[in-house]
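Asks: Okay, here's what each chain looks like letter by letter:
There are 2 protein chains.
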Amino acid sequence: MFTTQLCRHLERWSVGSATRFINHNRSVCTSVSVFANKTKQIELTRNRYPGLKKGPYSDLTGQDVDYFSKLLQGRVITDASDLEGSNTDWLGTCRGSSQLLLRPKTTDEVSKILEYCNGRKLAVVPQGGNTGLVGGSVPVFDEIIISTQLMNQIISLDDISGTLECQAGCVLAALDSYVSDSNLTMPLDLGAKGSCHIGGNLSTNAGGVRLLRYGSLHGSVLGLEAVLASGEIVDCKSTLRKDNTGYDLKQLFIGSEGTLGIITAVSILCPQKPKSVSVAFLGCETFEIVLSLFKEAKHSLGEILLAFEFMDSASMDTVRDNLNLTSPVSEFPFYVLIETGGSDGKHDEEKLTAFLENQMSSGLIADGTVATESTKIANIWGLRERMAEGLMVDGYNYKYDVSLPLSKFYQLVDDMRVRVGDLATRVVGYGHVGDG
Amino acid sequence: MFTTQLCRHLERWSVGSATRFINHNRSVCTSVSVFANKTKQIELTRNRYPGLKKGPYSDLTGQDVDYFSKLLQGRVITDASDLEGSNTDWLGTCRGSSQLLLRPKTTDEVSKILEYCNGRKLAVVPQGGNTGLVGGSVPVFDEIIISTQLMNQIISLDDISGTLECQAGCVLAALDSYVSDSNLTMPLDLGAKGSCHIGGNLSTNAGGVRLLRYGSLHGSVLGLEAVLASGEIVDCKSTLRKDNTGYDLKQLFIGSEGTLGIITAVSILCPQKPKSVSVAFLGCETFEIVLSLFKEAKHSLGEILLAFEFMDSASMDTVRDNLNLTSPVSEFPFYVLIETGGSDGKHDEEKLTAFLENQMSSGLIADGTVATESTKIANIWGLRERMAEGLMVDGYNYKYDVSLPLSKFYQLVDDMRVRVGDLATRVVGYGHVGDG
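Residue numbers (this note's numbering), protein chains in the order written: chain H, 1 to 436; chain V, 1 to 436.
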């Protein structure tokens, strides 16, 4: 049972949910992926990078395991095969050799774990859904893995203010489904939603496809609780939409990748769930047209614009060649996915139709399709969201998630193509234009 | 000329723009105002509270003034009558006795001022538009006033991403007017917009009436620059919508009231300007109905709901008795102001009409009016926005801006009425329901 749970992450994909105490170079948003002609092998990270040296940390002893076994009755994993899934990242590019995975259920247990580890100088790596694509959620050496998997309780939902309080290990899609009964939605959405944990979303300041509409987590997170390496519990658990008491310390934990502590609970503002959702998929001749469309979409679709994504033809080739997905439009150098949603389906449809007609007649778009039915919407989103999965089929993956000023967004991909030449199977560019 | 500029703040009103190095108890959102039967006198703050003692700071000398005069050629004010306006807060409840006001134009000048003051142990108080209602923008003793009034340059506007960069002394309404030419709007709006500075808005984490729609400044501020007490310039000037590089230190400056440093420049995300705006003003029998309407409005109006404000009958009496304003609806215990705005006027009107008809037929509202014409909209907003001004006519003002869970929002006002009995002219409750 447990093995199944732990290994399920191997079926997961996309960005989002890693917290850890060892810092990584990181960046966000638009992805430039370079695939080398190399067969994938899950080599130990420490072997691949022999220059990496373990810090001045202790080695795990039987006494340590005994301590945790007493603390977490039946929630301590030491079996090597059971640990395999949590030692390996989803992309299969990083593998650690942790001998211990802990599954606390409460903040107090996390506190006791960290206090003990701090006293014993044992390195730890927090792990949420292990859906991250930059290796941040798995050990580099033999760090103890602290999983938030069993910290999955919803604490409260105030359906007037839209404030949800929950533990850090709640899965994003489960939360979305829960608040959906109160006509609310989660303010972030990303491909990994079926597995990623809200605590990991905060720790990595995950943006996702709806950042454009609902803004960053710095705005929608109202409060959080975290445990420092010392075991001290930091309580910033406000549920008020605005709370100006003292410094807003919780903001530091958002995006700090677990380097300041482990997030154990979250309160977050949930916007109204759109009553209707439509998706348009369009072909464009140049990246400049993609940017013009973005500006026009913001202007014409305004408050109903939920997402604006782009992918280039090499990206489309990837999901077509490797996943047998079909493009709903003819061949173009660039494709744009626009999602709209609002409180009145008829109004939304009118706005989207007017926008598309205007852009067709002004010549910005030559081909496109619109979907309002959920299966068709899912198919179109699949082209964009299954990109990481499609790219893995090619082999070893160099993935750069970067934020750049919009006008210089695509230059990086062109430069990269020149730079790597025929060393790579393909160089693809895709991502959230809405993030800037 | 200069006297005029400095004293103009006496015509200003409402919350928003103070930065200072001396911390205050503070809070936000909904206002409970208690007015004592007392004639207003602008007494020196240090005389009113003789228990307050100046910290271990130096006294200003002629040499200090010489230093600043050389640094800020012609932008150093020492004349007592010229200083009067900046020594006094807008409500006329706090008055300091600063002998020096400095008007830097650049971050570098602010840096040199603070470095000098730090070396000489001279206390300072930063001042934006001096529109604050809690005395945070004026000296308590003889602090040097550092005004951002001349730091009013717009640095750049990227109309694709909607990112505005400007100096901290830009007036909010001037920025709104500037970005309006690119079909954008500022993500915050408050009564003091004609005077308050964007730097002060950030320092106090001003919410205002559109927090409901555009979220808090923690989400919409993309970057800032600040000068620490040592003179060190902290550069967090990202203009990217998402930037996960390192800790998000800028967040600490937002709402820290100048205790960490003086904000000198800001980059902020501007949403699309609504193409049409409508305002409804409604009468309600109970506060519970106000909350039910809020929930329904969020559900039915969704993405076009810009503001949801309430005021009680004592608030309405205040603006009617003291400012001769007229209510557009008959008498009720509570009133609600709803503002909507979107990208299609016809759609917005249909949504608002449908919402109001539903609430009328379900009996939640008994009387109401809707305005789409700008003068009528301004008149309705006047009832709510000129509240602080109306209350000042009554005399000395105890003002509590608090955030509470919505369900307990109004209990505080009722409790306060019992507590103060006939000691007060009136106890009124009003504010942003949308803030939570």
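Don't take every hint at face value.
The list treats identical chains as interchangeable, and a pair is accepted whether it falls inside one copy or across any two copies.
[Claimed, not checked] In silico BS3-like links for lysine-lysine, alpha-carbon gap of 27 Å or less:
no. : residue 1 : residue 2
1   : Lys70     : Lys112
2   : Lys121    : Lys295
3   : Lys295    : Lys275
4   : Lys408    : Lys273
5   : Lys273    : Lys346
6   : Lys273    : Lys295
7   : Lys295    : Lys346
8   : Lys408    : Lys237
9   : Lys346    : Lys275
10  : Lys399    : Lys273
11  : Lys70     : Lys121
12  : Lys376    : Lys112
13  : Lys54     : Lys112
14  : Lys105    : Lys295
15  : Lys105    : Lys121
16  : Lys237    : Lys54
17  : Lys70     : Lys273
18  : Lys237    : Lys295
19  : Lys70     : Lys53
20  : Lys399    : Lys54
21  : Lys112    : Lys408
22  : Lys408    : Lys376
23  : Lys275    : Lys54
24  : Lys346    : Lys399
It should be emphasised that the hints constitute simulated quantities derived from the structure, not laboratory data.
Asks: Hint by hint, say whether it matches the structure.
Replies: Checked hints:
Proximity of Lys70 to Lys112 under the C-alpha cut-off of 27 Å is restricted to the intra-copy arrangement: shortest distance 12 Å within a copy versus 59 Å between copies. For the homomeric pair Lys121 and Lys295, neither the shortest alpha-carbon distance inside one copy (52 Å) nor that between copies (51 Å) is at most 27 Å. Proximity of Lys295 to Lys275 under the C-alpha cut-off of 27 Å is found in both arrangements, the shortest distances being 25 Å within a copy and 15 Å between copies. For the identical chains of this complex, Lys408 and Lys273 are inter-copy neighbours only, at 25 Å across copies versus 34 Å inside a copy, given an alpha-carbon limit of 27 Å.
Taking the closest pair of Cα atoms, Lys273 and Lys346 come within 27 Å of each other both inside a single copy (16 Å) and across two copies (22 Å). In this assembly of identical chains, the alpha carbons of Lys273 and Lys295 lie at most 27 Å apart whether taken from the same copy (25 Å) or from different copies (13 Å). For the identical chains of this complex, Lys295 and Lys346 are neighbours both inside a copy (23 Å) and across copies (22 Å), given an alpha-carbon limit of 27 Å. Taking CA atoms no more than 27 Å apart as the test, Lys408 paired with Lys237 passes between copies only; the shortest distance there is 18 Å, against 39 Å inside one copy.
Taking identical chains as interchangeable, the C-alpha atoms of Lys346 and Lys275 lie at most 27 Å apart whether they share a chain (10 Å) or sit on different chains (19 Å). In this assembly of identical chains, Lys399 and Lys273 lie within 27 Å of each other by CA distance neither inside one copy nor across copies; the values are 33 Å within and 36 Å between. For the homomeric pair Lys70 and Lys121, the shortest alpha-carbon distance inside one copy (19 Å) is at most 27 Å, but the shortest distance between copies (56 Å) is not. Taking the shortest Cα distances, Lys376 and Lys112 never come within 27 Å of each other, neither inside one copy (48 Å) nor across copies (61 Å).
For a Cα distance limit of 27 Å, the shortest separation of Lys54 from Lys112 inside one copy, 24 Å, qualifies, whereas the shortest one across copies, 45 Å, does not. For the homomeric pair Lys105 and Lys295, neither the shortest alpha-carbon distance inside one copy (46 Å) nor that between copies (34 Å) is at most 27 Å. Within a single copy, Lys105 and Lys121 get their C-alpha atoms as close as 23 Å, which meets the 27 Å cut-off; across copies the closest is 51 Å, which misses it. Taking CA atoms no more than 27 Å apart as the test, Lys237 paired with Lys54 passes in neither setting, with 35 Å inside one copy and 35 Å between copies.
In this homomeric assembly, Lys70 and Lys273 never come within 27 Å of each other (Cα to Cα): the closest approach is 44 Å inside a single copy and 59 Å across copies. With identical chains, the CA atoms of Lys237 and Lys295 are at most 27 Å apart between copies only, with a shortest distance of 23 Å across copies and 37 Å within one. In this assembly of identical chains, Lys70 and Lys53 lie within 27 Å of each other by CA distance neither inside one copy nor across copies; the values are 32 Å within and 55 Å between. In this homomeric assembly, Lys399 and Lys54 come within 27 Å of each other (Cα to Cα) only inside a single copy, at 25 Å, whereas the closest approach across copies is 57 Å.
For the identical chains of this complex, Lys112 and Lys408 are neighbours neither inside a copy (48 Å) nor across copies (36 Å), given an alpha-carbon limit of 27 Å. Taking identical chains as interchangeable, the C-alpha atoms of Lys408 and Lys376 are never at most 27 Å apart, the minima being 32 Å within one chain and 45 Å between chains. Taking identical chains as interchangeable, the C-alpha atoms of Lys275 and Lys54 are never at most 27 Å apart, the minima being 52 Å within one chain and 58 Å between chains. In this assembly of identical chains, the alpha carbons of Lys346 and Lys399 never lie at most 27 Å apart, being 40 Å within a copy and 46 Å across copies at closest.
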